[in-house]
Amino acid sequence: MKKIILWLLLSLSASIPAHAASDGIAWDRFPTERLNDLAALQHGAKLFSNYCLNCHAAAYMRFNRMRDIGLNEEQIKKNLIFSGGKVGDTMTVALDVNDGKDWFGAAPPDLTVIARSRADASKGSGADYLYTYLRTYYVDDTKATGWNNMVFPSVAMPHVLWELQGSQRPVFAEQADPHDPAKKVQVFKGFEQVSPGTMTPAQYNEAVADLVAYLQWMGEPVQAQRVRLGVWVLIFLGIFTVIAWRLNAAFWKDIK
Amino acid sequence: MAEFKEVSADAPVSRKVTVWFENRFPTAFAEYKKHMSEYYAPKNFNTWYFYGSLALVVLVMQIVTGIFLTMHYKPDASVAFASVEYIMRDVPWGWLVRYMHSTGASAFFIVVYLHMYRGLIYGSYRKPRELVWIFGCAIFLCLMGEAFFGYLLPWGQMSYWGAQVIVNLFAAVPFVGEDLALLIRGDYVVGDATLNRFFAFHVIAIPLVLIGLVVAHLLALHDVGSNNPDGVEIKAKKDPKTGIPLDGIPFHPYYTVHDIMGVAVFLFLFSAVVFFAPELGGYFLEFNNFIPADPLKTPAHIAPVWYFTPYYSMLRATTDPMVNVFVVIVGLGTLATLLKGGLSAAGKVATVVAALAIVFLLKTFDAKFWGVVVMGAAVLILFVLPWLDRSPVKSIRYRPGWHKYVYGLFVIDFFVLGYLGILPPTDARTLVAQVGTLYYFAFFVLMPWWSQIGEFKAVPERVTFQPH
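From first to last, the protein sequence lines stand for chains V and S.
Heads up, the first sequence is in numbering that gives the first Met the number 0, so the first residue is 0 and it goes up one at a time.
Heads up, the second sequence is in numbering that gives the first Met the number 0, so the first residue is 0 and it goes up one at a time.
Just chain V, with the same shape it has in the complex:
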């Protein structure tokens, strides 16, 4: 019986590959070490408040939760709250949802848990998505905003960080279609800079990494504490299991 169960488990583990690859370009990997960098998180908070928090709200996030990333209320109030309002308020914006829909075609979504919602089992985490998304905008005259995006084709959002990144153009290469060797397809190879921004590409990548780190943190501010606590909980339960096991053995010694 045990052999059969083992054989079952083995055959199952061999037969559960990742999901079939979805369309669209592969997502770059977000550097997760950055989540432990308080300076990066604070820089991300600054970028978020300045660039994102006018169209997008983060209505479930309170300003004063940023104490967890090393800011005090004085700093938060002075540098990150532009519309008046108390440091205990949630990060709401004045843009009405319906106006947003009228002006952009789609209402700008709330960003509080955006990093949790954009994950895809076959492509990467939500942070991977956001990190790639914010770096793959390119000039496209056929769109109303003048911008298009490799990760989210025909997105209604313009390239808000264009001043920092400058503008770029995608480069395609022709390759044989894997499904039909007689045909050719355009495969995305990379970007080339059309006009420079105020940051070099390396600096821009750093800035976006900081911003995405902040978005990831904002999605679940308690994550670091949760993991730390989890280590102690598992240590306790490990010891408890051993004690429970020996106690059980002691009671069952007499059963023949």
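Since the hints were made in silico from the structure, they are not lab data.
A portion of the hints provided could be inaccurate.
[Stated by the list, open to error] Residues of chain V clear of chain S, computed beta-carbon distances all greater than 10 Å: (1) Gly83; (2) Val92; (3) Gly125; (4) Met149; (5) Asp179; (6) Ser194.
[Said to hold, decoys possible] Chain V stretches covered by chain S per the calculated footprint, using a threshold of three residues with CB under 8 Å from any CB of chain S: (7) 53 to 60; (8) 212 to 224.
Quantities reported herein were computed from a predicted structural model and do not represent experimental measurements.
Note that CB positions come from ideal geometry on N, CA and C, so glycine has one too.
We have chain V; now place chain S onto it with these hints.
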């Protein structure tokens, strides 16, 4: 007052207090003896026997975490999503309560599926325990309902659209479908009315029914005594002096301390998920559910939570070609009944009429409706399992070796159906799901036949037990 137990004046206080209660609430003491210290369970329980007590632990945990969630959750479509985030961020330890509840829901199904499988392999549903099994199947049905109603409450995209899909299935029922869907939804579309009534079902109605059924399940079990991995009835061999089964040991302290060990291991695995991977790759907390429900935006891919996917697979597998396969099966079944059933002439006529009626209905109603029927039948067929199994032995240990492969294939089938239910359908996947559905039902429907064939091994008189 004359029947009151006396206690001497110099007895310790604890003894006096005990006797005070025993004089006024003797039932509590009698029931403790009956269900704990003098309930004799077989001594040869193995790992499969942890899952019953674990199911009870998870039930209590869901109720307690549920109570704390209800203190802060708001069942109003405009603020439900926000209230969940409020619990996650602003309520002290709210995040822990939420994760325990969401992980607990998945843990509940893992534990219950393993618990049911134990019943399957050891024949725990056989006489005299049929009613224990039936109560258990009713608990399983209630659990599915509880999970379904609870999943709408966070009011995310998957919550909303999953509810929309499932309620629309009820609309597929002929004649009463639309009114039935209206009654379930409380409105013409899933909305605030639906959220409110699902909240009432999830928090009060079904938990009360569940608790009642669990009590009935345990009382019915204790009345007939527990089965064991050898399928041997321990009450057949009792000590002539005490009347205690020779292979029985008192539940308390032996199985209470044994189950504590099980709870410890369970909590370790449970905590590993809660503290390190509460989303579990999108299976326990789906990514899409972090987007607030939008009635105007259908997700590209709507799938139920993992524990419903085997049944969802069967639902999707029931296409028009599949219904034609059912017609063929009804035909074959009718032939077999006419030739081998040993029926009278009247019986044979009745069989043919019934078969024709079923074929007529199969071809008249939508495949979508039959998909709902198949999905329901997949759960309801469990209820009649005690009467399908005609094996001369209870436990898989004494069945012919090849029976183990039939059960093993059933497990693989269930997993494959579950996996297919997560993925979007393709023609190839639908074909696999159809084969899987047919095997699932063949396992049960043909059981009266296959459970009897083969070389059965001799069942021992006493349980097999290694002292440890």
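Hint check results:
Interface exclusion of Gly83(V) from chain S stands, the closest Cβ pair being 22 Å apart, more than 10 Å. No Cβ of chain S comes within 10 Å of the Cβ of Val92(V); the nearest lies about 15 Å off, and the non-interface call holds. With a cut of 10 Å on Cβ distances, Gly125(V) falls inside the contact zone with chain S, its closest approach being about 7 Å. At roughly 19 Å, the least C-beta separation between Met149(V) and chain S is larger than 10 Å, which holds for a residue marked as non-interface.
The beta carbon of Asp179(V) is kept farther than 10 Å from every beta carbon of chain S, the shortest such distance being approximately 19 Å. For Ser194(V), the condition that its CB be more than 10 Å from all CB atoms of chain S holds, with the nearest at approximately 35 Å. Proximity of the region 53 to 60 of chain V to chain S, defined as three or more residues with a beta carbon under 8 Å from a beta carbon of that chain, is established by the 3 residues found. Counting residues of the region 212 to 224 of chain V whose C-beta lies closer than 8 Å to any C-beta of chain S gives 4; at least three are required, and the coverage claim holds.
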